[in-house]
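Chemist: I would like the entire structure built from these sequences, with the hints used as guidance.
As a plain string of letters, each chain reads:
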Amino acid sequence: MSTEKTKYFQHHFVDPDQQYESSKLGMWAFLVTEVLTFAGFFCAYAIFRAWNPDMFINAHKALDVVMGGTNTVVLITSSLTMALAIRYIQINNSRAALINLVLTLIFAGTFLVIKYFEYEHKFHCGHLPGALYNPHIAPDCVAIEGNNPHVFFSIYFMMTGLHGIHVIAGMALIVWLIIRTIKGHFTPAYYTPVEMVGLFWHLVDLIWIFLFPLLYLIG
Amino acid sequence: MREYLEKNYLNEETTIKSWLLTLDHKRIGLMYLFAIMFFFAIGGFLALFIRLELLTPIGGDILDKDTYNVFYTLHGAIMIFMFIIPSVPAAMGNLILPVMLGTKDVAFPRLNLASWYVYVVGSSIGIFSIVSGGVDTGWTFYTPYSSSTDTAVISMTFAVLVLGFSSIFTGINFIVTVHKMRAPGITWFKMPLFIWSLYATALIQILATPVIAVTMLLLIMERTFQVGIFDPAMGGDPVLFQHFFWFYSHPAVYIMILPGMGIISEIISVFSKKKIFGYKFIAGSSMAIALFGFLVWGHHMFTAESEFAALVFSIITYLTALPSGVKIFNWLATLYKGKISFEAPMLYAINFLLLFAIGGLTGIFLGTLSVDVMLHDTYFVVAHFHYVMMGGTVIAFLGGLHYWWPKIWGRMYSEKWARVSAILIFFGFNLTFIPQFIMGSLGMPRRYWQYDGMLNTELFHFYHTLSTVGSWMIALSFIIMLIYLVHSIKNGKVAGSNPWGALTLEWQTPSPTPAHNFLEEPKITHGPYAYDEVEAERTID
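Going line by line, the protein sequences match chains C and L. Residue 1 is where the first sequence starts when you use my numbering, and the numbers rise one by one after that. Residue 1 is where the second sequence starts when you use my numbering, and the numbers rise one by one after that.
Because the hints were derived from the structure by calculation, they are not lab data. On a predicted model such as this, the values are computed, not experimentally measured, just so you know. Errors might be hidden in some of the hints.
To be verified - Partial list, derived from the structure: chain L residues whose beta carbon lies under 7 Å from chain C:
{"id": "1", "residue": "H179"}
{"id": "2", "residue": "V227"}
{"id": "3", "residue": "G235"}
Claimed, not checked - Listed below are the simulated DSS-like cross-link pairs for lysine-lysine, each with C-alpha atoms no more than 25 Å apart in a straight line:
{"id": "4", "chain 1": "C", "residue 1": "K24", "chain 2": "L", "residue 2": "K104"}
{"id": "5", "chain 1": "L", "residue 1": "K104", "chain 2": "C", "residue 2": "K7"}
{"id": "6", "chain 1": "C", "residue 1": "K5", "chain 2": "L", "residue 2": "K104"}
{"id": "7", "chain 1": "L", "residue 1": "K273", "chain 2": "L", "residue 2": "K190"}
{"id": "8", "chain 1": "L", "residue 1": "K339", "chain 2": "L", "residue 2": "K275"}
In this text, a Cβ means the ideal position worked out from N, Cα and C, and glycines have one as well.
Modeler: This is the structure:
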């Protein structure tokens, strides 16, 4: 980041470098709070899996590994395009940056569409959280044995649901970046928002990388 | 500078809009101050009603039993989530931290304003839960009762969740400001100790608060969908709720006390005109307390966990006494051979030393497993945490309020009435809570609405009467304080830039502070406590 003062320089900072460094540290601090938010769910996951190991293994068979695996590839690719967008801004190629931002948005949308079909199947089979759990006997639905299978789906829906909300928030931020990129706000001297949203997006990706094996690949 | 700065942050702009959309950390701090004092008053009234009900052994004097449950729940929830947690960091910290660091503002002024609005929204949801019937679970919201009672648990826990975000925003702002915005010359070990304590607090705020957010979210889910995480009837674990809750709420105790300790470090050095003793140890002990705070949550649930776990938590609990002891002894060593003067802020600091020491020492009884079996859920616990929270944090907050009042408004309050109020609060406080220690050790259970027909009813009646009279003394001293403080805003004697002859940066700029904190770039020529090297002129006589 250069020391050139753009119109986005805020005057309570000494120089643009201090502003950039502050934004970055603030974003990392925020990401720490995000990690700890999910940590509560991961902790609950660990405890209930330790209590009901067999039920977890049975219940996870209701999840679709192909869809989950596809989504993992989609999200990792979106992280790549996000990183490329930052790189292209740094070398002053805002057209290429724009293309990569749009690609990131498309991948995020794809993730949600696939997620929708997964959720839809769970609703169809009655594999729902807590009191809503009401499994149907149907050829395309897995029968789950073991204690309290509704707890597995509580955890599944809450964790992937909160993650999904983060994907939607990320998409809103990426749309904001796309508009600002079209307006030509970002230059090699000022691209802080792109980098900060990028950090957020990588975290969203990273959380999914933990969720996928813990929910889909056990047993 | 002995004058009143005519054009300052208070009157630079005067429209309502200029306040509601302000990005100035001092104005945001002041708006926080008014908001938290409003909730402090509500919480205080609830406490007075609770004490009044306990004046006689029979229940139903003024409150029926369900209302009593609602009142003590709201007293706890309001005082903790809406008053104490934001009191020193969000109100005092916002007013003072950037000035102490010689910078124009916090790193993210808009986030700072957002934090105030989020606080207001969260508090409004809290008020909504009060008017829609209140909550009767106790401020700890333990499951399974909280997941089955038909009171307004969802709105109250949602309020706590929202208030948590406001706390996180302040924490992020302070961490970044301390790391990146210090004026040239203020190295880490030249920062005032108040900043160190706010920094340690901010670390806890961002590391612990997300966990309460998740806990409240899970509780809301439990009530809405019976997800089976906390409710044993659905295969959940109520003890897990306690673990989650205290994983935040124990560190939160340090969110409450650490900034108060920072204020005490400032006041004791200034009013002894002596270099603070063991600067690095006090700074380091703040960080140590922040760390230990995360390791002792299990001591709130000795009777709900395995003996081995209780043993480990008990040992770590003892360890937390070390950094607190380091602070107390360093403060005492600072006083030793100092040129002590007993103005109101110093009276509060001395109040703090006495009351916090009692609060800390009685914590040792509760941290001892065999003793805790007898004392837990009695008035001994109630007295202990009031000595720490009110005798510690609230007293330190009042000390800070009196110490920085001339900086905030540019005028002095009546020193005579301030001393009267400080002394009255000391006696009122002890009269309220010492009897509670005795009652607790005799077996008076906490949260009881009546105590008729017990083995010790007559004794309990005597001690409850003392305690209730004490609560009136505290109320009286707050009324006096309200009058002389409000009176001083317009009519007080002009304070000048440095009424106490202090050396930290906020006193090197005129009072009230100019809109951008300093009229010229502040120069750092000496450390914050270099009373052995320089003498600052006092701007009042």
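Chemist: Among all the numbered hints in the text so far, which are the ones the structure does not match?
Modeler: none
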